[in-house]
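K.L.:
Going down the list, the protein sequences come from chains A and B.
The numbering of the first sequence is the numbering used here, which starts it at 123 and goes up by one.
The numbering of the second sequence is the numbering used here, which starts it at 1143 and goes up by one.
There's no promise every hint is true.
Away from chain A, derived, C-beta distances all over 12 Å, residues of chain B [stated by the list, open to error]:
no., residue
1, 1163
2, 1198
3, 1201
4, 1300
5, 1325
6, 1351
7, 1375
8, 1377
9, 1381
10, 1383
11, 1494
Subject to a maximum C-alpha distance of 30 Å in a straight line, what follows is the list of computed DSSO-like cross-link-like pairs (lysine-lysine) [claimed, not checked]:
no., chain 1, residue 1, chain 2, residue 2
12, B, 1195, A, 446
13, B, 1297, A, 344
14, B, 1297, A, 655
15, A, 655, B, 1477
16, B, 1223, A, 212
17, B, 1195, A, 510
18, B, 1195, A, 345
No lab work stands behind these hints, which were simulated from the structure alone.
Where a beta carbon is used, it is the ideal one built from N, C-alpha and C, also for glycine.
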Amino acid sequence: MPDTVNPENTPIVATGYANKPVVLTVSKDKFYETARSLRYGEELPDAEIHIPAEKYDYLIDVVGMDYGDSLGVIYYLSPSAQPEKVLALKTSTPEREQPELFSVQDLWESASVYEREVYDFFGIRFINHPDMRRIFLRADWKGFPLRKDYDADPAVNPVPLENELIADMERVPSVSIKMGDRVETISQLFEEDDYVVNFGPQHPAMHGVLHLRIALNGEIIKKIDPVFGYIHRGIEKMCESDTYPQILHLADRLDYLSGTMNRHAVCLCCEKALELEVPERAHYIRTIFDELTRIASHLLGWGCMCMDMGSITAFVYGMRDREKIMDVFEETAGGRLMANYNVIGGVAQDIHPNFQRRVKEMIPYIRKMLKEHHLLFTGNPIARGRMKNIGYMSREQAVSLGATGPSGRASGWHNDVRKIEPYAAYGKADFQEVLRTEGQTFDRYIIRLDEIEQSLRIIEQLIDNIPEGAYAAKTKAVIRLPEGEFFQRVENARGQFCVHITSKGDKSPYRVKFRSPSLTLVGALKAMATGAKVADLIMMGASLDDVIPCIDR
Amino acid sequence: MFSFSDLTHWIDSSLRLWMNDGWTLFVEFVLIGVMILVSYAVLALILILVERKVCAWMQCRLGPNRVGPWGLFQTGADMIKILLKEIVNINRSDKFLFRLASFIVILGSVLTFGALPFAKGLQVIDFNIGVFYLLAVSSLGVVGILLAGWASNSKYTMIGAMRSGAQLISYELSCGLALLSIVVLSGTMQLSEIVEQQSEMWFIFKGHVPAFIAFVIYMIAGHAETNRGPFDLPEAESELTAGYHTEYSGIQFGFFYLAEYMNMFIIAAIASTMFLGGWMPLHIPGWEGFNGAMDYIPSVVWFLAKTGFCIFMQLWVRWSFPRLRIDQLLRLEWKILMPVCLFNILLMALVVIL
């Protein structure tokens, strides 16, 4: 990654250093043009900056920042053709009363939800964004909680005793610039005579508390509006007052089905910042745990998908096989769903003497059961009829929507972090990144079962070769990260899970941002399901397999 | 072979010794009514337990095993619970139609249940248009379902009701046409006559290929009539939470639940009566000794065994298959089952003529 020059008197500053994202700082006025040039791989507006010409068509994450004197946003970008490259595009505005920046939701579809999130937490309004509602908090919330001057007094925002008004949820404010004039508009989400049905927050197929408001035309979906925030716990805010080892426990509880992987991401990020040498043994154990978690998550995802299609037997089979993995976890880590096993520098304790034997026994069992699952469900003509030619997502769409993980790979998008930048012991195992091309519900279904097989292969290769030695590196009693910004991504069961940590050298971080792969998957659902039937919406939702606590954070 | 008509005639004649004709009829009506309602409820309870046990067995689970030995009293306890539950009044629902709907659903299934020949001589009423009657009253249920969906004034129930309207009315066609091919074969609509004609050989064997086709189609269409998976679109738990009975609570919900299980029994009973000989034992022409031995098994056991077999088939399908989508469901009926059925009747007519 070539270092770019830092010319004097130019608002664009680019710095790049090995193994870290290239950072490009842009002034507010040049931001949109720069973003567009990066998106389409054109020459940057400032001729003196030389970023290798790539189409940065994948927006990894958007991080809102309160720098104290100014409010800013960091856009993490990556070209889908060269996914190992990451670029951080930064911009900021000194305005604190009514901060406004230009929206890039017309360049990357996933920016649409990310920018709403930044607005919700920092109050930065995005010009030309058609929907500037709050995303997680209620419409009547006072203040912007992730700003450093936020008043957390419970008297300001008492616990509400009344429901949020539907009318408030449907009022969509937006800011745009038309003919040089700033126009504020308020539009209605649905038309007067729309037949709006609430799917969720309590609904058997919403896998949690996702709330979809759907305008129906008979059985056909006219419009979908996802409502988030029912399980919003303010984890990013909590992180700012917690120490790093405490943050690990919060990371587990984001996507509870890939808790181990999320925790792994935070550990890797801290270790990178501390420049800590993690023992090889810990890397192997972590990788095996990650893959076991992935198998458990995919089995549950498979079962839930079958159950959403009305086949409850398949769900019970999935749960039964997952139970075996949970038992292995329990023996070594003490926890089942939340293994709480990774710590900064390694793992919490050494593996149980039975661990290797039990994992090796489990591999042929799961292989056998996979055959049975295919027999029971994949070959079923009704199941095939329900999944084929439904919910098509092209590769371009998947990239633009940021639909990573198995969902994106079903559309043929190579986005597996385990292959892009092999972390832990992934570089030592020979496995295949399963890619499919059709991008239908059926592909997203079958790819999970195929990934289980690949995970089994990884475990098979590593389980007998766990090196001897320490299981964790020595760390200081109080962990303080050096000053700076750190970014780490890992592959969890649903896609790319990314951690951004800004540290000021204290024992707790200045700002933590988690990229939830599920959040963008809901965006993908919204894009896919418009015009489909209600029954197909459920199938698409199940095939994307999102976990709501990860979205709401 | 023991005929229940001996018993009923004895009751009738002994009652007539004590009272005049009018009172005799009245007492008999009350007796029959009580017996039908009791057996209706008891069968439903048994069926619920059976379903839970069978599905647990298919899913590698144990099923109910806490209340009584092997969980035998579980459904009894559930019944008591559901009777004691509060009936929730829904704001802005049509109260009268809302209440009425659950009764119509259960009425349709009790009326059908009453006309089944359970054993030799054990039939409440033997119409000469028995098949016609069964089809007519069993289709009453759809009125109740539509009313339930409409009167609840809820969006889920409304979608569920519209789906079930489309589904039940479509699949009734196949049901009727499949039974019609047996009527063509037997030349009568009287149920007792149909069973009697199968004393030589059951219709499913006697009617060659068309009878078998009709049996398969009847089982599929009948299964769809009961609103159970893979045809449970009107309820579609993962889409419409509970479909047309989302808003019902307590015993009113219990009625829908009861009717669902009894419809399953009724479909299985009609299938066994029309295709598998009803209460008629298995007879193979020429094998006198074998036939005589078969006659020692009571007719009610034969009936329940065949019905149980059909119910097991339904449970098997219910717990293995995923749900269809509404357009696939209607395509299956209008483009596959019904044309096959119509062709099948022609085939059956040919078989009868030749």
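K.L.:
A separate judgement is required for each hint: does it hold in the structure or not?
P.N.:
Here is what the structure says about each hint:
| no. | hint | in the structure |
| --- | --- | --- |
| 1 | 1163 | 54 Å, holds |
| 2 | 1198 | 9 Å, violated |
| 3 | 1201 | 4 Å, violated |
| 4 | 1300 | 9 Å, violated |
| 5 | 1325 | 31 Å, holds |
| 6 | 1351 | 23 Å, holds |
| 7 | 1375 | 8 Å, violated |
| 8 | 1377 | 10 Å, violated |
| 9 | 1381 | 5 Å, violated |
| 10 | 1383 | 6 Å, violated |
| 11 | 1494 | 34 Å, holds |
| 12 | 1195/B with 446/A | 24 Å, holds |
| 13 | 1297/B with 344/A | 16 Å, holds |
| 14 | 1297/B with 655/A | 16 Å, holds |
| 15 | 655/A with 1477/B | 21 Å, holds |
| 16 | 1223/B with 212/A | 62 Å, violated |
| 17 | 1195/B with 510/A | 34 Å, violated |
| 18 | 1195/B with 345/A | 42 Å, violated |
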